[in-house]
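If you're matching them up, the sequences are chains L and Y in order. Going by UniProt numbering, the first residue of the first sequence is number 1, and it counts up by one from there. Going by UniProt numbering, the first residue of the second sequence is number 1, and it counts up by one from there.
Everything labelled a hint here was simulated from the structure, so no lab data went into it. Hints are not guaranteed to be accurate.
[Said to hold, decoys possible] Calculated lysine to any residue pairs in the SDA-like style (CA-CA distance at most 25 Å, straight line):
1) L:92 with Y:334
2) L:92 with Y:94
3) Y:242 with L:57
4) Y:300 with L:46
5) Y:48 with L:79
6) Y:411 with L:35
No experiment lies behind these values; they were computed from the predicted model shown.
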Amino acid sequence: MSLSQDDVRRIARLARIAVSDDEVVASQSQLNQLFALIEEMRAVDTDGIEPMAHAQDVMLRLREDAATAPNRRESFQAVAPSVENGLYLVPKVIE
Amino acid sequence: MVMQTLKQQIDALAAGQTTSVALVTECLAQIAAHNGQLNALVAVDAEKALAAAAAADAARAAGDTRAMLGVPLIHKDIFCHEGWKTSCGSKMLDNFIAPYSSQVAENCDAAGFVVVGRANMDEFAMGSSNENSFYGPVKNPWDKKAVPGGSSGGSAASVAAGFAAVATGTDTGGSIRQPAAFCGITGIKPTYGIVSRFGMVAYASSLDQGGPMAHTAEDCALMLNVMAGFDERDSTSLEHAKEDYTRDLNAPLSGLKIGLPREYFAEGLNAEIAGAINAAVEQYKALGATIVEISLPNTKLAIPSYYVIAPAEASSNLSRFDGVRYGHRTAKTGNLDDMYEQTRAEGFGTEVKRRIMTGAYVLSHGYYDAYYIKAQKIRRLIANDFQAAFAQCDVIMGPVTPTTAWNIGEKNADPIAVYLEDIYTLGVNLAGLPGMSVPVGFASNGHPIGLQIIGNYFAEAKMLGIAHQYQQVTDWHTKAPQL
Numbered sequence: 001m002s003l004s005q006d007d008v009r010r011i012a013r014l015a016r017i018a019v020s021d022d023e024v025v026a027s028q029s030q031l032n033q034l035f036a037l038i039e040e041m042r043a044v045d046t047d048g049i050e051p052m053a054h055a056q057d058v059m060l061r062l063r064e065d066a067a068t069a070p071n072r073r074e075s076f077q078a079v080a081p082s083v084e085n086g087l088y089l090v091p092k093v094i095e
Numbered sequence: 001m002v003m004q005t006l007k008q009q010i011d012a013l014a015a016g017q018t019t020s021v022a023l024v025t026e027c028l029a030q031i032a033a034h035n036g037q038l039n040a041l042v043a044v045d046a047e048k049a050l051a052a053a054a055a056a057d058a059a060r061a062a063g064d065t066r067a068m069l070g071v072p073l074i075h076k077d078i079f080c081h082e083g084w085k086t087s088c089g090s091k092m093l094d095n096f097i098a099p100y101s102s103q104v105a106e107n108c109d110a111a112g113f114v115v116v117g118r119a120n121m122d123e124f125a126m127g128s129s130n131e132n133s134f135y136g137p138v139k140n141p142w143d144k145k146a147v148p149g150g151s152s153g154g155s156a157a158s159v160a161a162g163f164a165a166v167a168t169g170t171d172t173g174g175s176i177r178q179p180a181a182f183c184g185i186t187g188i189k190p191t192y193g194i195v196s197r198f199g200m201v202a203y204a205s206s207l208d209q210g211g212p213m214a215h216t217a218e219d220c221a222l223m224l225n226v227m228a229g230f231d232e233r234d235s236t237s238l239e240h241a242k243e244d245y246t247r248d249l250n251a252p253l254s255g256l257k258i259g260l261p262r263e264y265f266a267e268g269l270n271a272e273i274a275g276a277i278n279a280a281v282e283q284y285k286a287l288g289a290t291i292v293e294i295s296l297p298n299t300k301l302a303i304p305s306y307y308v309i310a311p312a313e314a315s316s317n318l319s320r321f322d323g324v325r326y327g328h329r330t331a332k333t334g335n336l337d338d339m340y341e342q343t344r345a346e347g348f349g350t351e352v353k354r355r356i357m358t359g360a361y362v363l364s365h366g367y368y369d370a371y372y373i374k375a376q377k378i379r380r381l382i383a384n385d386f387q388a389a390f391a392q393c394d395v396i397m398g399p400v401t402p403t404t405a406w407n408i409g410e411k412n413a414d415p416i417a418v419y420l421e422d423i424y425t426l427g428v429n430l431a432g433l434p435g436m437s438v439p440v441g442f443a444s445n446g447h448p449i450g451l452q453i454i455g456n457y458f459a460e461a462k463m464l465g466i467a468h469q470y471q472q473v474t475d476w477h478t479k480a481p482q483l
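Working from the sequences, and respecting the hints, build out all of it.
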């Protein structure tokens with residue numbers, strides 16, 4: 001498998017990362033090297049092997065449906081670029 | 001520089017031979033003299049540290065007997081700590097002051113530690129050299145032309161340079177063990193799930209694990225006692241009974257069975273590293289251990305498996321950095337998609353972008369089974385290899401890295417070559433096992449060499465004891481670099 005420059009642009013779009021033409025060229029070469037390495041997996045017979053999504057086979061815990069975190073609105077909003085009347089202000093991005 | 005261990009500092013404080021203000025003042029002087037060259041720390045708050053030290057001394061005088069009270073500590077810049085900037089080595093978080101603390105930082109605060117600074121790191125913990133930081137590369141204290149290893153390179157360099165006796169690190173594919181090896185210190189990546197990931201900026205959630213970095217195994221055990229523990233706020237935290245990780249430090253090694261995986265000593269291993277590892281193994285034989293040759297047949301597959309799984313998880317975890325909620329936001333205007341794309345193009349470095357793009361691709365429709373599910377199946381084979389090995393031996397030993405620290409910039413044009421350096425460490429993360437690095441010598445270029453010890457699940461105390469016994473009869477861990 002070899003990625004074309006259009007493939008790289010499509011992947012960058014999927015990842016929501018703007019890329020310049022120079023970056024597309026550099027990324028193409030390095031991603032192709034990486035995927036050549038990844039291709040080594042293909043030759044391995046993994047039929048019947050259970051995928052291992054996590055290092056420990058544990059069930060996610062359940063807890064009481066009760067609020068446990070204290071209200072820390074002020075400290076959380078203290079690091080926001082812009083706040084007014086307890087609300088976050090964000091730039092207009094939709095016309 | 002007179003090297004001090006955590007244990008020496010604890011004992012000196014308890015005996016009234018020193019004060020926290022004196023220890024912190026020494027650390028700050030060492031930092032002021034050398035951090036400009038090493039770039040190991042990205043933030044130091046002398047005023048805050050000295051005030052905390054004075055408070056610790058006052059508390060001790062009033063009868064507070066907490067062991068870590070007033071001991072200087074450095075946190076990797078990945079652990080949120082209320083009031084400290086937590087940048088994770090990224091422009092994306094350059095403006096982020098943590099409004100809450102990670103469980104690890106809370107535990108360290110509760111134990112009485114005084115934080116003197118925040119350690120530089122590869123951006124979002126992605127890297128094996130510490131060259132991928134928005135704040136510039138960290139220099140190896142043993143050779144300032146060389147990398148310190150990554151991603152906890154700032155933590156490792158800080159301990160080696162005497163900025164503090166102990167630092168926190170994280171290890172996703174070797175990021176505690178490899179910089180520990182490159183900087184001549186001791187570090188342990190615990191069993192996945194015993195140190196909380198709450199408040200630790202996520203890279204690859206099923207692999208990331210925090211752990212201690214220090215001069216000695218004894219110090220790592222003392223520090224792990226502080227860091228480890230169940231945390232209900234981390235859904236992957238294991239409900240494992242609280243342990244004392246110092247309990248096996250003096251356990252004899254007679255009868256210990258050490259497995260040497262033949263794949264870890266194959267082509268590609270630097271001859272000087274092989275020599276130092278073999279000498280360490282001989283030392284263990286002299287201490288009463290026996291050697292078993294074992295096989296981890298899927299070792300080579302750890303690299304492709306890791307470089308599918310980690311980027312896949314990274315692409316998901318780092319989707320939160322979109323310019324909307326927090327972190328960097330582009331000044332360029334446009335529609336919503338443009339804003340996302342420009343923000344992320346400006347905020348992330350090259351290595352992070354490469355891994356996010358890789359992750360987006362392997363998770364995309366049509367490739368998910370071929371890459372992501374396949375990698376998870378390989379991960380199972382790798383974990384099975386380790387369990388088959390542990391049927392024959394108590395612990396596994398081998399090199400941490402195939403080479404010693406390389407020069408800064410040397411591998412910039414070839415990121416894949418850097419990925420291949422992780423061949424001996426990645427499998428441990430994929431399987432969720434504990435692994436550690438112990439200093440066992442130096443190459444002819446003066447660069448430190450680390451021995452990797454891999455244990456079965458929850459075998460930290462045993463591993464730390466095995467390392468401690470070696471450090472009782474050798475002095476590699478006592479060597480300090482000329483700064």
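Handout entry: 25 Å Cα cutoff - pair residue 92 of chain L, residue 94 of chain Y
Key = 23 Å, holds
Exercise for the section: Take the C-alpha atoms of residue 242 of chain Y and residue 57 of chain L, compute the straight-line distance between them, and say whether it is at most 25 Å. Expected result: 20 Å, holds
Problem - Pairwise hint evaluation, residue 334 of chain Y against residue 92 of chain L, where the allowed Cα distance is 25 Å at most - result: Satisfied, since the Cα-Cα distance of roughly 9 Å is no more than 25 Å.
Problem - Given pair status - residue 46 of chain L, residue 300 of chain Y, alpha carbons within 25 Å - result: 15 Å, holds
Practice task
Would you mind confirming whether the straight-line C-alpha gap from residue 48 of chain Y to residue 79 of chain L stays at or under 25 Å?
Solution key: Within the cut-off at roughly 20 Å; holds.
Problem - 25 Å limit on alpha-carbon distance, applied to hinted pair residue 411 of chain Y and residue 35 of chain L - result: 19 Å, holds
Checked against the numbered hints given earlier, this structure breaks none of them.
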